[in-house]
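Visitor: One-letter residues, chain by chain:
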Amino acid sequence: MKTHLMLAGALSLIATMAAAEDKPVLTVYAPDYFTSEWGPGPAIEKGFEAICDCDLKFVAGDVLPRILLEGDKTQADIAIGLNTDVTAKARATGLFAPHNEDTSDLTMPVKWDDPIFLPFDWSELAFIYDKTKLQNPPKSFEELLDAPKDAYKIVIEDPRSSIAGLSLLLWVKDIYGDKAEAAWEKMAPKVLTVTPGWSEAYGMFTDGEADMVMSYVTSPAYHIMAEEDDSKVAAIFPEGHYFSPELVAQLKTSKHPELAQKFLDYVLSPDFQGMIATANWSFPAKLPHAQLPEVFQTLPMPDKTLYLGEDEAEKLRGPALEEWQRAFAK
Amino acid sequence: MAARLREITPAALASAALVALVLGTLAAVAIRAGGLTGLRATDLAAIRFTLWQAALSALISCVLAIPVARALHRRRFPGRGALISLLGAPFILPVIVAVFGLIAVFGRRGLVNAMLAPLGIEPITIYGAQGVIIAHVFFNLPLATRMILHGWQAIPAERFRLAATLGFGPSEVTRHLERPMLRSVLPGAFLAIFLVCLTSFAVALTLGGGPRATTVELAIYQAFRFDFDMGRAASLALVQVAISVTALLIAARVTMPASFGAGHDRTTRPIPQLAGGAGRTSLDALAIVLAAAFLLAPIGAVFARGLPALPELPAMIWPATLTSLVIALASTLVTLIIALPLALAATRHRWAEIAAMLPMTASALVMGTGAFLIARPFINPTSLALPMVLLTNAALSIPFATRILMPEIRTLQSDYDRLAASLGMRGIARLRLLTLPRLARPLGFSAGLAAAFSMGDLGVITLFSDGQTRTLPLALFQLMGSYRMDQAAGAATLLLSLTFALFWALDRAGHHADSR
Amino acid sequence: MLTLDKLAIEQGDFRLSADLEIETGASVAVIGPSGAGKSTLLSVIAGFLAPSAGRVLWDSAEITGTAPGERPLSILFQDQNLFPHLTLETNLALGLNPKGKIDRAARAQIEGALARVGLEGLGKRKPGQISGGQQSRAGLARALLRARPMLLLDEPFAALGPALKTEMLALVAEIAREQGTTVLMVSHDPEDARVLCPQTVLVAEGKAHPPQDTTALLADPPPVLREYLGEGARPRD
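Quick note, the sequences are listed as chains A, B and C, same order.
By the count of this note's numbering, the first sequence reaches residue 341 at its end, each step adding exactly one.
By the count of this note's numbering, the second sequence reaches residue 547 at its end, each step adding exactly one.
By the count of this note's numbering, the third sequence reaches residue 280 at its end, each step adding exactly one.
Calculated from the structure, these hints are not laboratory results.
Warning: the hint list may mix true and false statements.
Mimicking SDA-like on lysine to any residue, the simulated pairs with C-alpha atoms at most 25 Å apart in a straight line are [as the list claims (entries may be wrong)]:
1. A:Lys100 x B:Thr73
2. A:Lys100 x B:Arg63
3. A:Lys341 x B:Arg79
4. C:Lys144 x B:Arg461
5. C:Lys142 x B:Arg139
6. C:Lys144 x B:Leu505
7. C:Lys169 x B:Gly458
8. A:Lys100 x B:Gly458
9. C:Lys169 x B:Ser445
10. C:Lys142 x B:Arg63
11. C:Lys144 x B:Arg449
12. A:Lys326 x B:Thr196
13. A:Lys68 x B:Arg461
14. A:Lys57 x B:Leu505
15. A:Lys326 x B:Ala64
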């Protein structure tokens, strides 16, 4: 009898989402981290529902794989949290509709003219270290590669399972081109381990297991604002840092196209843009510098931004992965 | 005839469900991909690495388990029973938690290196192939120790007494009693651990140190996520099933030990003469101390790291905890409902045993994706979230539960089958009056394992996620994903404690319900 | 009447044939050398083992394919005659119906049966809490409740001491007489046969012989039986 009750309880958990609602439902596919209360999801839901007279429903999980599997029968109206490194594949499905937003005045270091995928925030890749512990941080990518084997231990993410890892792969490819494999060979002895995702890597860094971690230039902002800890800093390299936007798009098959469009409008609204910095620890895609939280205004930023377009990224990622695998096999 | 059919129907249904879950989903992925795709050189390397690491992990686990099991068998000391139970802990530890613990002990800034440094010894590294193997040994040494200890306890006490009257010393005991036992127990233990390590995924990802330590399961993940190549994923999954089934068939040929370690400690006191002098006593003590340190230090490290953060856990952790507990208990029920009929049939029909072992060969990712592809044309996948989570969680523990139940069922059948038949006991009455009460202990142990496995499982079935139901491991990852590493450590401690508590409670309940 | 009609039993190398009849109400001993197939013969009659050829009939009705629980017989084994996790009451209730349900009428019947074998008031005990002799009595009490026309005894009292065993045999004889039960008893001890069974089935050299007079058989045993019994001795095992 007790087990019946428990099963019923679990079922009701699932059933809450299916509860009858009079309002139209906007279904947004988002990554796992997005929908937790420590992610930007709840604020977005609250903000949008206040203006849309609708019910915004996040479906957390593997956004693109799921849409690829569902094809034109997908329930999604909106897909959020995509990355440029996978948009070629997403675009090729023909499932996504234009965003119809003006992207001429975005506040990003890269000019954006993609008609389908709309950035809502961005950051740039960076190696993060603890300045109270690491005496001689690298001042350039070159210096990092040339440093002796025991100078520092870095933890990076696996490009096969992590967006951060894939972005790093492309960052190295962008800087070193044909010599990327040689660059990886130089880096490999300093790589402590390769983790499946950003979380594991960053956890190993904050636990002191690794001296440096592959993360984002905006990571220190979290430690400063949430923990009043200014010891975590990004190593800024003159070779340039790889640009990493997060994207949102609407689906052609949406049953609520007006609502979906309204959501895209909301994404670029001051309301959304004003809260995304501290909700997602990244730069808003459309917010004047002066309106950023103070910490973000003073974050050390690279002079040069590197960015491979989608086509280039799609073309290079296969060969780059093989180079990476070869370099680590030695 | 009709009676016999009725007898095997539940097992046949359970088998069909597992075949559909493992092979049906694989077929669905392959069909969707338009057939299987050829493998690449890196895939072949992954297959090689998988076989190599699984074999080595199994070998090392077994070799290390021998002195530990022997020491536990022939020594008596206060807290021995508790220690034997505690040494089993890593086997039910959630992988992510275990990896934290191993890093805390063997990592660059871990305990071991902190102790070696003042001695001027080069730091050891846990990253790379050795990390994968250390982790696998950590998880499976308890299994090997239990299986071998069980073998020792199965040597009749009379034989030890006979050895004593013949004036045997420890080396004669080894030659005449222990070696034959080990010869029959070790192949089964080796293959059991080999199988467990074949489908390892998360361990290889974090401690592997890089692409060299790519397992087949990781290659499947890559084919899905990086390449969106379902044909290759299906090919790899097929390879994985083929390897595992081959190992299973070999395992069926060599004598499998009676159980996966459910053995009860029922030997009489050891005979001092056979246990050797002070030298052997101190060697045994060393084996026990080292094993305890190796197996318990990582758990202690996780516990200590997260304890201060427990009061600071965000309120949302509690609903997630409740969800995890409910899912764990429901998965446990599903495990028992599927494993019991299979185990009851498996003592007479080989096919039932093979079906029960099938989930060990499966790729969780392929299983999830295949089920998604099958279900999608008919229903909204999110409405399948709960059954899928329960079924895939249960699938993790069904092979173990079946193995644990089988030897006890053999005893039950040889002791009471005729009596029950002569009284015409059948169906529910037989289940209620005979099967359940007699199997209370192994059922409790199986339930504990199933609940523990379910608690720790992240659920690769994110495809079915509705975005609302959050489990404790998922909450842990979300905390990590948003920089809250201290709170994540607190969540890990919570997860660890609940997993052990759940296992302990169910195992105890089994003992308690056993009215022998 | 129990009829074994051209029965053939095969198990690997083991072979046994039986073509015989046993009168209703008779008490028949089954004796023979170890391994000759005494218990196997009972297993076939009880339905645990299918014969490779031939038929088993009770009162001319074939029961060769009938499930053990539906055959017109009760059986007591060497051991494991009671479920150790159930109380005597429940163990006995299983004799009334295989679902083990106990209503008021059943309870009265069970109490009566327990009293009949000298176990009054012990219904709430479990087998582990009573002596071996009492366990045998409880098994017999269940057979009493089942009230089937045939009772097969596969050496159920072998583990009891001589005095207890004699007592139990007397109880069986008494109950069988009251209920008109046909008794088939496997025994190693010719004395048991002499006490309880006027007739004996000899099982030896692959054949179960038709029942013959016990006293005559034991007085002048055929060579195979003599070898088993020993010269003049009466081996206990």
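Visitor: Output the numbers, in ascending order, of every earlier hint that fails for this structure.
Guide: 5, 6, 8, 10, 12 and 13
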